[in-house]
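Asks: Here is what each chain is made of, one letter per residue.
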Amino acid sequence: MAYLEQCLIDGVLLGGIYVLLAFGLTLSFGVTRVVNFAHGEFIMVGAYAAFWALALLKLDPLVSLPLAMLAATVVGMLLFRLVESRILNAPDENQILLTFGLALILQNVALILWSGDERSTNPPYAFSSLMYGELVVPGARLIGCLVALILVGLVFLWLRYAELGRATRALAENREAAVLMGINVPQMYALAFGLSVALAMAAGAILSFVSAVTPFMGFEILGKIFAIVILGGLGSVLGSVIGALLLGLTETFVAYYIPEGNGWTEAVAFAVLFLVLIVRPSGIAGREITT
Amino acid sequence: MKARFRAALTIGNVSVFLLGLILIVPTLYVPPVWNDWIFRISMLLLLSVSWNLMASTGLISLGHAGFWGVGTYAALLCGNKYGLPLIVVLIPATLCGALLGVLLAVATGRLRGVYFAICTLAMAEGLRVSALMLPKITGGAAGIFLRPELRPSLNVLCFIATCVATLSVAIAQYLTHTPFYYACRAIRNHETAAQMLGIDPRRYRMVVLALSGAMTSAGGGIGAWYGGYLDPMVAFSFMITVQSQIAPILGGMYSVAGAVLGSGVIIALQEATRIWFGDQEGVSQLVFGCILVFGILFMPQGVYGLILRAWKNIDENRQMRGSPKAAPAQNMNAGERK
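Residue numbers (this note's numbering), protein chains in the order written: chain S, 1 to 291; chain C, 292 to 629.
A couple of the hints might just be wrong.
To spell it out: a stretch of chain S is covered by chain C in this simulated footprint if at least three of its residues, at any positions, have a beta carbon under 8 Å from a beta carbon of chain C; those stretches are [claimed, not checked]:
{"#": "1", "stretch": "12 to 25"}
{"#": "2", "stretch": "242 to 251"}
Below 25 Å or equal to it, Euclidean Cα-Cα: the simulated SDA-like pairs (lysine to any residue) are [said to hold, decoys possible]:
{"#": "3", "chain 1": "C", "residue 1": "603", "chain 2": "C", "residue 2": "310"}
{"#": "4", "chain 1": "C", "residue 1": "427", "chain 2": "S", "residue 2": "260"}
{"#": "5", "chain 1": "C", "residue 1": "427", "chain 2": "S", "residue 2": "263"}
Treat the hints as calculated values from the structure; they're not laboratory data.
Here the structure is a predicted model, which means the values were calculated and not measured.
Just so you know, even glycine gets a beta-carbon here, dropped at the ideal spot from N, CA and C.
Just need the whole structure built from these sequences, with the hints factored in.
Replies: So, in structure tokens, the structure goes:
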């Protein structure tokens with residue numbers, strides 16, 4: 001029956017986009033060891049950037065995406081220098097509350113500037129779809145998923161082979177040893193954070209034509225991102241990819257097979273989060289938690 | 292007997308008593324506008340004291356809206372079904388909050404820091420979605436109204452609110468003199484070390500969460516009767532979570548005085564932003580966000596910390612002037628402490 005196949009297709013496409021959502025948070029946490037509660041809000045800002053680029057400059061979200069990412073890297077590095085670098089060695093509580101405050105500021109600035117109305121970008125491919133017999137592949141999601149996976153792939157290769165990327169990984173693995181090898185730690189921290197903001201921008205641009213853009217979307221997304229990274233293991237790149245696909249599939253299955261499932265999908269992320277934290281807080285691929 | 296009474300006359304206890312007087316007595320006489328402010332201060336006191344209780348044990352809650360929402364629904368549903376007055380309904384509301392706290396403590400067992408914070412966030416949001424998706428119990432998105440004949444006058448409501456708020460402040464203040472509080476502080480500073488001293492973190496955590504949850508749910512119950520209407524967005528409002536942490540941070544984390552001071556300042560700030568910006572959406576939350584960021588960056592000890600430091604400086608100055616010969620030694624001590 002085509003019902004199951006359709007469900008799988010939708011789930012994988014959704015999961016592919018989720019990979020990009022969670023990747024930025026994983027990157028910044030892996031390196032700086034600060035969980036960024038404002039990551040969802042960065043994605044929201046990215047979505048608005050794409051919206052205004054289309055509305056004012058007539059730039060397609062996919063065209064404005066590289067520009068936004070470039071700008072976001074610079075802004076992210078500045079933000080890190082000015083704010084985040086001060087709390088790197090602060091207690092957990094201060095880190096949580098500071099990034100949470102940052103999220104509140106971003107959300108409400110967006111609310112005041114752009115009102116709470118739902119918007120979305122409508123490039124030509126947003127409503128197209130491919131048909132294979134009974135199966136429908138929605139065009140917007142397919143393009144979103146492809147762009148997301150390409151970006152993740154590029155960052156992955158950068159981490160693997162580029163000089164700076166390898167330094168980033170070294171820093172994530174062992175900070176002291178990295179310092180001894182002559183890696184410029186503050187600069188790498190700033191770069192990793194800037195890159196994670198850039199990835200959030202890109203994720204926002206994709207979401208702008210896949211779903212609705214509102215100032216409140218960041219918080220909902222944050223829940224999903226946490227579910228993904230906790231499921232995969234906080235700080236593990238491979239784990240977050242697996243977690244994203246699993247969450248995408250689970251949400252789609254709930255929407256398809258459970259009565260009134262569409263309403264419950266919102267709760268799936270939180271249920272997953274809660275269960276994983278209770279059963280195995282280190283996630284699928286994570287290291288043992290050392291507190 | 293007299294000696295024991297003397298011993299209880301500390302600055303902290305006396306201030307709690309005075310706070311109670313200032314809050315409770317006016318509710319019997321003053322006009323409605325004043326009562327509105329007093330009511331809001333009481334609610335904020337409940338939230339911030341209970342949040343601070345958890346923070347003092349090293350548990351950062353991003354899910355106070357969950358406790359609050361459970362309290363609101365427990366109170367309103369019980370009241371509507373059996374036609375009970377607010378005072379009686381507060382009992383099940385408080386119990387539900389305590390139960391939720393215990394459940395959370397059992398579920399989160401060994402989690403701390405970021406993991407615990409994320410867990411509370413998930414709990415609150417999960418509860419909100421559940422309330423939305425179970426309309427047979429909660430009325431769903433359409434919401435439910437309090438039966439109008441059950442609603443007491445504003446003065447009575449405020450009287451109850453202030454009494455409950457004062458009680459919670461008194462409980463928190465009482466705890467600061469007990470071994471319980473020191474155990475919690477030890478857990479916050481170093482859980483493993485506390486464990487080696489024979490403190491069982493799980494048990495303390497369970498009590499703290501139950502107490503904190505009960506306080507917040509009681510607040511929720513009163514809040515629901517004040518508003519008279521509930522839907523999941525109102526009951527599990529994100530604003531509750533924000534409000535509960537903002538006052539302790541501004542006032543000074545880990546101290547009852549800080550939470551109380553912070554609550555007063557926050558209500559004043561809210562009124563000020565309302566006068567300057569009208570009721571524009573988002574402004575007060577924006578102010579709260581700024582307070583969080585700048586408070587953590589530049590004033591981690593809060594207002595109470597600043598006052599304490601100023602007090603100490605005055606004290607030292609006075610001592611120096613009083614005994615000029617001892618002045619150099621005093622100076623050296625002060626230098627070392629910094």
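Asks: Mind listing which of the numbered hints don't hold for this structure, in increasing order?
Replies: Violated hints: 1, 2; rest satisfied.
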